[in-house]
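Enquirer: Heads up: the sequence shown begins at 1 in the working numbering, then just goes up one per residue.
In silico DSS-like links for lysine-lysine, alpha-carbon gap of 25 Å or less: (1) K68 <-> K87; (2) K99 <-> K6; (3) K68 <-> K6; (4) K54 <-> K68.
These are computed hints drawn from the structure, not numbers from a lab.
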Amino acid sequence: MPPLYKKLQGAYNIDLGQSNISRHVDFRPLGINVFFNNTHIELPIILTTKDNVKGTYDDIKRLENNAKGKWRIIHNNPDSIFIEVPKSILNGKYAVIFKKATHLYQTSYHLILKNDLTYIECTKVLHSALIED
1 MPPLYKKLQG
11 AYNIDLGQSN
21 ISRHVDFRPL
31 GINVFFNNTH
41 IELPIILTTK
51 DNVKGTYDDI
61 KRLENNAKGK
71 WRIIHNNPDS
81 IFIEVPKSIL
91 NGKYAVIFKK
101 ATHLYQTSYH
111 LILKNDLTYI
121 ECTKVLHSAL
131 IED
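Construct the complete structure from the given sequences, taking the supplied hints into account.
Expert: And the structure:
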């Protein structure tokens with residue numbers, strides 16, 4: 001199992017203030033969570049002007065399902081992945097960058113996903129007692 005595969009596993013929060021998603025459509029994210037579980041990925045629901053949503057239970061389930069898909073490693077060194085969620089505006093290829101910061105008793109792990117149109121900064125925060133380097 002490649003190190004990149006192991007590093008990506010888990011839940012991340014998108015920092016919308018530090019992220020830039022350039023698209024030709026107006027959009028509104030309804031969440032900030034990204035989940036990597038083995039080769040599966042769950043992105044936040046992102047509404048676009050193309051979505052016809054009335055707020056019903058069926059609408060919500062459809063939007064949740066449209067935010068789920070697969071991911072795979074394209075390259076190692078430099079790290080890059082392909083997120084395959086065809087109905088999401090975040091579908092596509094991304095360079096992957098990891099950063100680590102420690103402040104007092106917390107260590108923050110930052111995940112940056114970027115391509116020509118997108119810069120997504122995510123954070124995964126763990127208590128230092130749970131971290132083994």
